[in-house]
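What follows is the residue order along each chain.
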Amino acid sequence: MARPRRTRRKKAAGVSKRGLPPGVPVYTGEARDTPVSVHMLDYTGDALTEASDPTLERLAACVRPDTVTWIDLDGVHQVDRIQEVAATFTLHPLWVEDLLNPSSRPKAEWLDDRLFVLIRVLSPKGEDFEVEQIALVMGPGFVLSFQERPGDVWEPVRTRIRERLGRIRDRGADYLLHALMDVVVDGYLAVLQGIETRVDTLEDSALQPRAASDLLEQVTALKSDLAVVRSAVWPLREAVSALVAGEGSLVEARTVPYFRDIADHLAMLVDGVDSGRERLLTIVDLHLAQTSHQLNEVMRVLTVVSTVFIPLSFIVGLYGMNFDHMPELHYNWGYPAVLGLMAVVAGSMLAFFRRNGWF
Amino acid sequence: MARPRRTRRKKAAGVSKRGLPPGVPVYTGEARDTPVSVHMLDYTGDALTEASDPTLERLAACVRPDTVTWIDLDGVHQVDRIQEVAATFTLHPLWVEDLLNPSSRPKAEWLDDRLFVLIRVLSPKGEDFEVEQIALVMGPGFVLSFQERPGDVWEPVRTRIRERLGRIRDRGADYLLHALMDVVVDGYLAVLQGIETRVDTLEDSALQPRAASDLLEQVTALKSDLAVVRSAVWPLREAVSALVAGEGSLVEARTVPYFRDIADHLAMLVDGVDSGRERLLTIVDLHLAQTSHQLNEVMRVLTVVSTVFIPLSFIVGLYGMNFDHMPELHYNWGYPAVLGLMAVVAGSMLAFFRRNGWF
Amino acid sequence: MARPRRTRRKKAAGVSKRGLPPGVPVYTGEARDTPVSVHMLDYTGDALTEASDPTLERLAACVRPDTVTWIDLDGVHQVDRIQEVAATFTLHPLWVEDLLNPSSRPKAEWLDDRLFVLIRVLSPKGEDFEVEQIALVMGPGFVLSFQERPGDVWEPVRTRIRERLGRIRDRGADYLLHALMDVVVDGYLAVLQGIETRVDTLEDSALQPRAASDLLEQVTALKSDLAVVRSAVWPLREAVSALVAGEGSLVEARTVPYFRDIADHLAMLVDGVDSGRERLLTIVDLHLAQTSHQLNEVMRVLTVVSTVFIPLSFIVGLYGMNFDHMPELHYNWGYPAVLGLMAVVAGSMLAFFRRNGWF
Amino acid sequence: MARPRRTRRKKAAGVSKRGLPPGVPVYTGEARDTPVSVHMLDYTGDALTEASDPTLERLAACVRPDTVTWIDLDGVHQVDRIQEVAATFTLHPLWVEDLLNPSSRPKAEWLDDRLFVLIRVLSPKGEDFEVEQIALVMGPGFVLSFQERPGDVWEPVRTRIRERLGRIRDRGADYLLHALMDVVVDGYLAVLQGIETRVDTLEDSALQPRAASDLLEQVTALKSDLAVVRSAVWPLREAVSALVAGEGSLVEARTVPYFRDIADHLAMLVDGVDSGRERLLTIVDLHLAQTSHQLNEVMRVLTVVSTVFIPLSFIVGLYGMNFDHMPELHYNWGYPAVLGLMAVVAGSMLAFFRRNGWF
Amino acid sequence: MARPRRTRRKKAAGVSKRGLPPGVPVYTGEARDTPVSVHMLDYTGDALTEASDPTLERLAACVRPDTVTWIDLDGVHQVDRIQEVAATFTLHPLWVEDLLNPSSRPKAEWLDDRLFVLIRVLSPKGEDFEVEQIALVMGPGFVLSFQERPGDVWEPVRTRIRERLGRIRDRGADYLLHALMDVVVDGYLAVLQGIETRVDTLEDSALQPRAASDLLEQVTALKSDLAVVRSAVWPLREAVSALVAGEGSLVEARTVPYFRDIADHLAMLVDGVDSGRERLLTIVDLHLAQTSHQLNEVMRVLTVVSTVFIPLSFIVGLYGMNFDHMPELHYNWGYPAVLGLMAVVAGSMLAFFRRNGWF
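Chains as they are written, first to last, in the numbering used here: chain B, 1 to 359; chain Z, 1 to 359; chain U, 1 to 359; chain E, 1 to 359; chain D, 1 to 359.
Just so you know, the hints here were simulated from the structure itself, not pulled from any lab data. Be aware that one or more of the hints could be misleading.
The list treats identical chains as one, so a pair stands whether inside a single copy or across any two.
Said to hold, decoys possible - Here are the computed lysine to aspartate or glutamate pairs in the DMTMM-like style, where the Cα-Cα straight-line distance is at most 20 Å:
1. K223 - D274
2. K223 - E130
3. K107 - E127
4. K125 - D186
5. K107 - D66
6. K125 - E196
7. K107 - E57
8. K223 - E238
9. K125 - D66
10. K223 - E278
11. K223 - E84
12. K107 - E238
13. K223 - D200
14. K107 - D170
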């Protein structure tokens, strides 16, 4: 389940920030030992330069309007280092605060010629998935990406840049931004499909005569997973819609259709989350109906057996009484007559039940 | 049920696209052996030309503003072929990607003088229906239609063109586009009516004393069918509303009322889907109430029989005890007195139950 | 119930239209033998002319901007006749199609100087009501009304025109249109009140100890009736709001307040339908609670009787055993001692139950 | 309960109006014997004139832009009288119709320099409250108020005018209108608080082991009361928002904040009604859970007692059989051995139940 | 629980105001003995002056556009004192009324160069929290804060001003306003986290075989706590959105991003409250399912035991009858044969139950 971890993070974030001035950068995520690693890719249609952990000066030098520079920071736990980078690229202090706090709300904001996108990465991990926050900053000729944890979520994009696949090398920083977001949103689709598969399984098992005993726990877990997806997708959808509508006008007109494509995927995700929630509700209803159906069945068996035998037991008890004067006991035909009487009683009871369709 | 197939398709689509650059055309539907077949209809009010599998050159030649050319591609599984056509008619790469992915979201988009409509075809098939995605592209003087599977959904339109029925031969490409969409939307109505008939049947059976044992499974299946219809209608409605509002302005003013007619039908469909969902909820409620009513009835029988006979059984057991000194046993009137006592007990019990209206 | 009929109509409409070109007039309602009858009223403040089944030429002649002409067609099953009239008054082919299809969606549309209103008439009929579709077309100096079935829904309006009641004779065609719609909307109020009375009755009976056994069927029927009212009112409300907002500008400024009055009534109807639905939900809840309360009561009686007598039965069974060596059986005080023991057991059981408030 | 009366009124109103021309004034409320009484207050900052039942001429004379005249009509059942007043102050016929119909929808409308406000007064009356409709008309220098029933709801305002409290004497007619509406809205708050107190009581009692048997009836009554408040507040809120937004521009800028204050109170009322409804839903849930908890408890007692004693009863029955050859019966240790066996059976049963936590 | 106190306050407020002119200042909160204490902080980037309970003259003197003056009033129960301050700083009478009434709705309003913010402070207190209303007034160069109860909620802000932490000393009054609101909103997050922790605990316990008996009470309490948070956050969100949108234009452009940061936090809070409510609903569902599951289990045990032994008891009763002529009783193999018969009956019963999966 993704829930516990998420809860833990939020708590950490909220408690430690209380009363601090806003805009003061404090890292509120998990502590890490490894240093923040920086990877730089600087490319035009013709040239490509890569560098690991370059100096800030070199970074600053690479950023020119005629090349696209992608600076990927792996880890945001060293506040000093992040601050230096933020100062070099003149990020707003509130953005720095947001990217350091791993439970910020996804959003897209812009100020002057800087576009800031906060996005959650959901990486499938077995049946479950991990949540990570990533910040992207676009400026003229560069994209900064801040990853919370080391990972290879963007390796496919690097490959496309290195091997000149697609049109990424021929476009500007806005297309790179789109490519990075697109990979993340494709990840949502994969996670949603994993959840849908689990819902399918659950739906089939809910229609079985005896559902798994932990069915409701699984429903709760899936609901909570869908809520995580929703909390990642919902705010992002608004943000991307704003970009598509041309607000901030930092995205070139020819790149807008690509962002609209992301917006379409997010709309599909919202549809998928909603339909998943509804199917889970249906499963709970099915389960309750199944449970109450079983109870009915059990009660019907009890009732048929009880009501057939209780009168018979009374009759045999009757002739087990020890009164001195019970004439029936002394007739020769007494015993067979009582057996016959009981057969009639039991038979009419059963006939009554069958007529009512009880068995 | 349409559900399984749908789920399968989505999975296939999502998994294989992950990490690929957007705009790279990959076919993610079911594999097919047959080649893509192309059918061309070129007409004016006076003349009509038909051709099967024409060359691209011939296609390009036919497209002139003074004739309407309808090019119908049957199958989208040969990516090369689709690419050639797309290049000839200058479609945006994202549109090609969308039409190759059979689980895209229905939409209408435009760019320059091209209008792209993605629409789902629901074809009734027995009690169930099939889902197919169709892409329509309109440009000056031509309409391109991409069908996923071979089928005769548009045979009536072809007949109308060939036999000059209606006003289709006197109008432009936008009217042809409308005619094609109208057939698809009429198909939705037929599917919805099929579902409503099944809901009617279910509603009647839910009011029967003993509902079908698979009633809840049927409700789940119908809910899921309604969800398929909804997911086809809902996004299309927004798209058609945008066309009616004159966005993109590729539709002539005199054709707009016809698109508004489609929008009306879509609104009716949305109403129908919503009312169908509500009726299904009511059916589940009825069924639950019926179940709990039956349980009450069963319990009442059990309780009446048990509570009448349990005290009687106690009494007969009492006089079955083997104590040496039980004076009642030796009186001549002992046995009739006990029988009388039991009659009184049973009678007052029954009177109590009748007064409470238990039988 | 109004439901069956409605469902039947929709089916008929949908099936027969599939694949036909839109705008081709086909009557899809019930077949009728009687011819379409036409009634004309032509009036100014001073003069009044009436005519039954006038020729088309006479109709066309009467329509002048300085008189108001109301042409009422009774029956839409003769397509030829309707076509002729439509041609005379230049109605859009889609409007003709809509008015011939008795399950179109209520709406108001305008084109040039023609205003087309499609409205559903609900006529109370005993506890139930009938649904009929009526089309109204307003042009300069005339109103056309197309009724599906013969009926006297507008007799009061005719009386007001003939006897110069109110201000109808002093106003134009837009005021006549308003008067016709107002009668229909007043009919909705009457139907809603009938439904509310039935909900009141049901609410009272749901609080009775033993609710009517068909309570849930009645709730379902009422829900379905409310849905019919809603489906008539909801789209009309949008349509009338558009008229009030001055769209189309075919309604004179001094008549707008009267249409706003209709909009107010429609808003009240929507409120009423919503509150009716909520009350029905409450009734179902009440009924379920009542049912489960009764079950509790039944079970409590069973439990009290069973748990009191089952131990007693065990005790009397114990001393009914035939062991040779059961010393208690031979004591003189054995029988009274067992009776006393049983009294104590039964007494403490009852005390326990009373303390728990079970009876 | 306020419900019955409300229902009755609606019915009366709807039935009698059907087919009548709109704008024809018909009183549809309860019949009354007393004549309509009129009370006039004419004031400036310095002067104050009061008059009871003045002539229409005197009323007309008092209305001047430099004084504020408040004309309060007590009763609207004499249509002639109301008509005269309406003619004197040139009210729109539809407004007259609305104020005569005691079940109109609350609203604010304006035409030229007349502002018409229809508002419902809820007067607390014991645990319950009464509903009355009041119409207010504001024009230059005057406010007309039409009360359905005699009452002293506005006595505090009269006192404030007479004793120069607050700033009411220094402001215009719009401030007087605000003062009158403010008293009514304060009345809503008092009614809502009464309802909330009853919900509090109910909430406490729902958590008791044995809830009041009429809990669901009380919930239904409270729901219906909240619906009455809501139906008074909801449309008024829209109306006041329109006034605050400056539509109609009959309210001076310096009085707008006071209307915004009313809008705030209405927003609080809507919040309160919504939260009250939610709390009632919670109460029903609590009650159902409580009921099903009790059933569980009852069943557990029955099951424990039954399953312990049923096998024991079988054993004692076994040795009550009369076979000639039952060797156990003749052993000396037979009776104690059976007692011991039964102790073991009962003990292990009880141990099983305790382990499962059944008691 | 926070509920009781809240209810009490509302009642006090509503009752005492009824019929009073609006804008008349009456304190409707709890009575207090201590006098209102005033604390003043006057600062620029370089200088800082503090004063306790300064005279009004001194206050008025300090307020200049070139310094920021923060005047904090501790207690609003002395109406005279508050009136004096309000007069000095020319507050609108309605604002004074709002800040004196401790159950006003949170809001932001502006008039000329005054901005008025009403906000609720939620202070965590053990597992629960306290509700307090605070009013903030911003004008050129000053911020007035009115606290209902003494408390140190803003001590961190004072420290930041005194020790020149962050950029608060370098900015204007709008930044100070933001800092004060930010502390309050951070408090909401802490309260929400406390609630989420309790929901986590409850969720875990709901999945236990035997849930805490007061689970539903706890759910009710948590729902009510979430409702308190929601009623504090929801109206504030609208208010802050209006500030961010630049309405009133009293906030400098460079401070707007900080208010947008608050808006983001409020959006997160709304999300959190909604997801908390949904999780509580899930918990109730889980609990109901658990309860009905237990009932099923209990009934199954009862049914298995009863239906196995009831026929056996009948058989032993049969041979306990005292008829003279029961030949089976006298055979040597009679007893073992009956024992065998009973073993077969019991065995087939158990086999039937096992096949049905009942144990």
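Status of each hint after checking the structure:
no., hint, result
1, K223 - D274, "both (10 Å within a copy, 14 Å between copies)"
2, K223 - E130, "within (16 Å within a copy, 29 Å between copies)"
3, K107 - E127, "neither (28 Å within a copy, 32 Å between copies)"
4, K125 - D186, "within (15 Å within a copy, 33 Å between copies)"
5, K107 - D66, "neither (28 Å within a copy, 36 Å between copies)"
6, K125 - E196, "within (15 Å within a copy, 26 Å between copies)"
7, K107 - E57, "neither (30 Å within a copy, 47 Å between copies)"
8, K223 - E238, "neither (22 Å within a copy, 29 Å between copies)"
9, K125 - D66, "neither (39 Å within a copy, 58 Å between copies)"
10, K223 - E278, "both (10 Å within a copy, 10 Å between copies)"
11, K223 - E84, "neither (41 Å within a copy, 45 Å between copies)"
12, K107 - E238, "both (8 Å within a copy, 18 Å between copies)"
13, K223 - D200, "both (14 Å within a copy, 14 Å between copies)"
14, K107 - D170, "neither (27 Å within a copy, 28 Å between copies)"
Of the numbered hints listed earlier, those contradicted by the structure are 3, 5, 7, 8, 9, 11, 14.
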